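Residue numbers (the numbering used here), protein chains in the order written: chain X, 22 to 242; chain W, 61 to 322.
Quick caveat, the hints were computed from the structure, so don't treat them as lab data.
No experiment lies behind these values; they were computed from the predicted model shown.
Check before you lean on any hint, since a few could be wrong.
What the hints assert, rightly or not - Calculated lysine-lysine pairs in the DSBU-like style (CA-CA distance at most 30 Å, straight line): (1) Lys70(X) with Lys215(W); (2) Lys218(W) with Lys280(W); (3) Lys215(W) with Lys167(X); (4) Lys167(X) with Lys218(W); (5) Lys139(X) with Lys218(W); (6) Lys218(W) with Lys92(X); (7) Lys218(W) with Lys42(X); (8) Lys95(W) with Lys92(X); (9) Lys280(W) with Lys177(X); (10) Lys139(X) with Lys95(W); (11) Lys139(X) with Lys167(X); (12) Lys177(X) with Lys215(W); (13) Lys207(X) with Lys218(W); (14) Lys177(X) with Lys207(X).
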Amino acid sequence: MEAKAVSQEEDHTGSPAIEIKDLTLAFEGRVLIEGFSLLVSSGERVVLKGPSGAGKTSLLRSILGFTVPAKGYIAVRGQQIRPETIWDLRTQIGYVPQEPEPGNGTVEEWLERPFTYKANRSLRSNLERIPELFRHFLLPMELLEKEVQVLSGGEKQRMAIVSAILLNRPIMLLDEPTSALDDLSKRRLIEFLASQEDLTALVVSHDPDLRALAHRVVTLN
Amino acid sequence: MGAVDIEITRLALYYSLLIIPLGAMLWLGVPMVRKTLLSVARMTLQLAFVGLYLQVVFELDRPWINTLWLLVMVAVADLSVIRGVKLRLNRFALPLFCALVMGTALPLLFFVGPLLNRPTLLEAQYVIPIGGMILGNCLRADIIGIRNFYESLRKGEKAYLLALAQGARIREAVLPYLRDACEAALMPTVATMATIGLVSLPGMMTGVILGGTSPSAAIKYQIGIMIAIFTGTAITVLLAIALTIRTAFTPYGVLDLDSFRK
């Protein structure tokens, strides 16, 4: 498989946030990505697109250490992903999966849960941003009391976005973050991403509006 | 006064009672006749063998033989868990064995020592039947707990991975699954304790009464054994999960599917 940069609309020469070199990913004996390289600079917004099955989600998973490459090198903020570094590196990354699976409990518990982890305890005051983020993403505050299992797909996706934002990571990996959003919610997400100049975002998406926001679009063939 | 011994001919005649359920199965077409006959045959052979063996163990009453007997029972229980939950033998045999040993030994030694106040902890008359009862319950709870834990992790993998992505360590990310597994494993014993004596006379109490002890003394044994079972099952399940986590996950914290048999 070959990956190529389709457009380069803006020059970003900051320090590398994500560095992928000669990556090969395979799943159940099938090669998904072969010889793929990508450098995402700090503060850069990169959209990844490509046909389904091209390995876009697997690429995001490999940056999180969930899929181990058959070959190649991945580094986040200059540190190579290895068993001994991955735990700290994950605390640099916010992740919004395509179909968030929130487990059990209420929305409030879902949002609070990451702050019970030792790595995030010092960030607990970020939960004070919930009212502001709920307003921005058009979510009623009453939703906090709702069981996560009864949320609609769009609500789950917005909650996953809010949850990732609350963790205030310098890098965000978003997997089809607008797939279940209505136009207005999508615009709010785009506005939010556009307003975060220091945020590095690697977004898997086919959405032309998101692509317009990107500094660069990379196609996985 | 001990329990009346049963003559072998009378026991053989007692098997005829099985005609009722087997006849009902045949009449209704329940496809379990062959399986039932096989199970009855196995039960007879296994118990005959155990009876003979235990007779020797009880007569010798050597601490090392009693310990060995318990360890053999734990090893058989260990294999039953691995087979029941479809785990890889080479990865899980040792941690599950250790969990079962701890879950059985601790309440057993407290039962024979501080509770019964026996001069030796490894007396065959006490450690083998009581150890067997505790172990049997630990085995059942272990199968429920381990199966529940790993199956819910596999089904809820997305939520687990999201927790890792949010910065959780393995022990933090598995906590919801651990809670559910403990609840599922311990609930039968909790329910039994809540209704014991009301809907059934428990086996231990019945055995002690048949052995000639007064019901008021028998209930003390039963209370002791229920506490031992509950403690033992809790220790076994928690330790089994804690010890297998080391082998069931990749160094990146992802559940290693190679840990399970297809």
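Need the list of violated hint numbers for this structure, in ascending order. Structure breaks hints 2, 8, 9 and 10.
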